[in-house]
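**Q** This is what each chain is made of:
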Amino acid sequence: MIQEFFHLLSGWSSLDTAIAGSAALTAMSCALPGAWLVLRKHSMMGDALSHSALPGVVLAFLVAVGMRQAGWISSGQQDALLQMFLFAGAVLVGVGTAWLTEWVQRLGRLESGASLGVVFTAVFALGLLLIRLDVDDVHIDVDCVLFGIIEMAALDTIPGTSIPEPVLVNGAIFVLNLLLTVLFYKELTLAAFDPALATSLGIPARGIHYGLMAITAMTVVAAFTTVGSILVIGLLIIPSATALMFSERLMVVLGLSVGIAALSAVLGHALTLTLPRMIFSRLGYPTIEDAGTAGMMSVTAGMLFVIALVFAPKHGIVSKLIHRFRLGLKIAGDDLLGLLFRIEEQTAARPTDVSVPDLVAKQNGINRWVMSLSVRSLLRGDFITRQASGELSLTDRGRESAKSLVRAHRLWEAYMAKHFELPDDHLHETAHRVEHFIDDAIQDRLQSELKSPSKDPHGKSIPRRSDT
Amino acid sequence: MATRVVGVLLVLMGVGSLVPRNVEAARRSGVGVRVSSISLSSLRHPNVETGHPHILAIQQNNTVSPSLVSRLSRVLSLRDYNTRVVLLGTTILGITAGIVGTFMLLRKRALVGDVVGHSALPGIAIAFLVMEGLSPGTGKWLPGLLLGAFAFGLAGAVTVMLIDKFSRIKADAAMAMTLSVFYGLGAALFTIVQRVPGGNAAGLKTYLNGKTASLVADDVWLFVGIATVVLVLAMLFMKELTILCFDEQFAAAEGWPVFWLDTLLIGLVVTVTIVGMQSVGLILVVATLIIPPASARFWTDDIRLMTLGAGLVGGMSSFFGTVISALFPRMAAGAVIVLTGASLFALSLLFGSKRGVLVHAWQQRKLRHDVGRVDLLRACFELVEHAVSDPIPTHEEMMDHEILLGDLVSMRAWDLSTLRRLVAVAEKDGLMQHTGDDNWRLTETGAEEARRIARNHRLWEMYLMQYAHIAPSHVDRDADLIEHVLDPELIAELEYQLDHPEEAVPVSSHATTGSSSG
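Protein chains in written order, with this note's numbering: chain D, 1 to 468; chain G, 469 to 986.
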């Protein structure tokens, strides 16, 4: 399988490099404004902007063609001006969409998602009509339109060089976005996390909002030449969401987003060349050799996110499960130590009909399997020993640890009784839950706060720490 | 460059990666689809004019088009069997989507429809591949495609919920991610679909922007069936869904199966989205879920009426959108339906009787008018109070006293022109009468009203001092804000609490000359 993958990849040509490079730059240029959208919880605004770019582009195209037909510019100038018109049109319509959404939301007292949904679908529908009404007539020469536009865009090299045009355009946008992020880092951060504070500090939070919308619209328009309008949303949002699974530090998140974006693009193209053939040749369709790179980029980014979602060191599902399991193990062990200590303390006959671990498991609703694992780890850590009779008893080390737990438990009970006026029979449950988390420092503070009590509210003595 | 731009435009339409190599070929095959479907329906309905599948196709094929009026009468009289079919189909889809969308809007999950719509794309491709693989030539069997779309639409909605619940990623990012990944998968699969040997996939891309033009009777009967089931379910569970939308916690606390209700609602939304895609396409289908209820919201506060209104708006936009697109060539039905809906939304936003902008503005104006009157009369009362020797002026003194605008203007933070306007309004309301240049006098009702207003104001001040322990120097401002909304019941309560039953106006607890409250 892996061999087949690399065998298929061995056909990688300079064209593939051009495609992957264009795609990577496109994804990187999207990742920066996208990260701010995610942080501001405006991700669906990216959706709206990429849809609403349509009428902007059509208008730009109409204006450029109209100017040429009117004889104001030559067709060479038209091509040169078109890119500028495209950006201008997209910014105009993008900011217009953002403004209209806000206006409808405020005036109609609607929820933001609803006003967004009304505005961007209407704008997109308008674009669809415009395209059918006019542009279709002007240029029906669509024979050259291939499946994934990125493959063709990468062929469009800058005259005299072998650098694909998208590399230049998207690279320029990436540099611009990077520059703006560095320049307005403080303002963007403040406006994203605390717009009220930003405003009171004299930073125009609304201005930042619309500026971000304008930049996003521009980035989207530069990007759709390579990936298409709907997949742009993925490039905007997925890398930053993935980065957020790894870190809380803004700088790290921004850096990671850009890196993940580039990785999704390159890996996406590599998978385009390999995955469809590997799957469909087995299904009996040997003619299928690849799929559209744009679509696969989005899918790859999604797969990277799923990997992060599952395996990220701190926030990933696996790491959370491990953490929860460890905690369960610790609590089971603590409960066992506590019970052994209390049995010793009472010098009463220990229960004979049921083993101590079983009793702890039953009382606290702990899984028996977790309990036995916990007993094993306590034995290994020399906290408890197993007598010849099979009974468990505390070692000196275990006794110290148990003493600290029981001490925490009873100090907390005393504290609760003093400050919360709870009935006596309500104290145990909370103390039982909290005892695992009260370390020596808190124990000392509780002790001095309570003026070194010797008994808890139930009349049981609070054990002293041995070193005091 | 120019050709690239055209390509780019098509990409923007969402069809970039799906555009066949040769558009003419696609057209031919598209027509082929229609003709084959027509022959089916014309077998069953021999009165259909042969060669003219339906009005939409006529517009595209005829070079000499009949006059607008004759076309309009032709569409509206429903003379063509296929016009009836298409109109019936889109209208039913519009009504159903509007009704189900109401719950999503109130649940603040309006954009989920967008995710469902985009997520359905790979489902269509996979269903096609599976059916084509099982038995070549059956790839475009509609119920099968719908089932595939339904499965992936549902998967999209569930993915959003799972990411929202089990990760630190917020719902908005989860939606954007899900829809682009699923859509990306769909785009990749569609390029593959088009390379399957013998697989004529040309008709499939109509799912992107709607396939109103090629709806046939069988499709419509399928929609009618599905729509009926959805509507019956929505009506049966109206009460439960309403509780879910307004207070999820309450519903859970009351023992309602919130999870299953949520599942039901998502199921309804996915169904409506998938079926609704047939009329406007999967990119715009979210509009049919959001625009109707958002428009209806401006007309009513009653959820039952809102649901009806949403159905009405949805049906109307689909009906008129289809009619308009049938009248003019090159008008994509999906886009026109959405724009018709958006126009209805704009009208509702402006003229809605409950929350419309104009009604709101009128209410604001009325409120300003009331506040102005209250301020004016209290200022008059306090002016007279200062002028007469008694602590509290009598009714006769109030009426007899000549009020000069020059004196009145120093009572509050207002300027002379505002004051003149207020006085003019009061004259029209019969509260004041003109006695000289800038001299005015309170009428019988005016004097009575002024006493009442001053009394309310001072009762509230006394209440604030006694119960809220606010300093006498601070109560005037608070009372100034509240006096406009004190109703008789509250006044009675104040009288009782303050043990102040007699009709008399209490003496002010602070200096009233030129009080600066504004």
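If you're looking for bench data, these hints aren't it; they were derived computationally from the structure. Hints may be right or wrong, so weigh each one.
Stated by the list, open to error - Straight-line distance between alpha carbons at most 30 Å, and here's what the computed DSSO-like set of lysine-lysine pairs gives:
{"#": "1", "chain 1": "D", "residue 1": "Lys41", "chain 2": "G", "residue 2": "Lys633"}
{"#": "2", "chain 1": "D", "residue 1": "Lys330", "chain 2": "D", "residue 2": "Lys41"}
{"#": "3", "chain 1": "D", "residue 1": "Lys41", "chain 2": "G", "residue 2": "Lys834"}
{"#": "4", "chain 1": "D", "residue 1": "Lys320", "chain 2": "G", "residue 2": "Lys707"}
{"#": "5", "chain 1": "D", "residue 1": "Lys320", "chain 2": "G", "residue 2": "Lys633"}
{"#": "6", "chain 1": "G", "residue 1": "Lys707", "chain 2": "G", "residue 2": "Lys608"}
{"#": "7", "chain 1": "G", "residue 1": "Lys638", "chain 2": "D", "residue 2": "Lys186"}
{"#": "8", "chain 1": "D", "residue 1": "Lys330", "chain 2": "G", "residue 2": "Lys822"}
{"#": "9", "chain 1": "D", "residue 1": "Lys41", "chain 2": "G", "residue 2": "Lys576"}
As the list claims (entries may be wrong) - The following residues of chain G were derived to be distant from chain D, with all beta-carbon distances above 12 Å:
{"#": "10", "residue": "Leu536"}
{"#": "11", "residue": "Phe650"}
{"#": "12", "residue": "Val692"}
{"#": "13", "residue": "Arg909"}
Quick reminder that beta carbons are idealized off the backbone N, C-alpha and C, glycines included.
**Q** Next, verify each hint and record whether it holds.
**A** Now the hints, each set against the structure:
no.: 1; hint: D:Lys41 - G:Lys633; result: holds (16 Å)
no.: 2; hint: D:Lys330 - D:Lys41; result: violated (37 Å)
no.: 3; hint: D:Lys41 - G:Lys834; result: violated (38 Å)
no.: 4; hint: D:Lys320 - G:Lys707; result: violated (39 Å)
no.: 5; hint: D:Lys320 - G:Lys633; result: holds (14 Å)
no.: 6; hint: G:Lys707 - G:Lys608; result: violated (39 Å)
no.: 7; hint: G:Lys638 - D:Lys186; result: holds (23 Å)
no.: 8; hint: D:Lys330 - G:Lys822; result: violated (59 Å)
no.: 9; hint: D:Lys41 - G:Lys576; result: holds (15 Å)
no.: 10; hint: Leu536; result: holds (17 Å)
no.: 11; hint: Phe650; result: violated (8 Å)
no.: 12; hint: Val692; result: holds (25 Å)
no.: 13; hint: Arg909; result: holds (43 Å)
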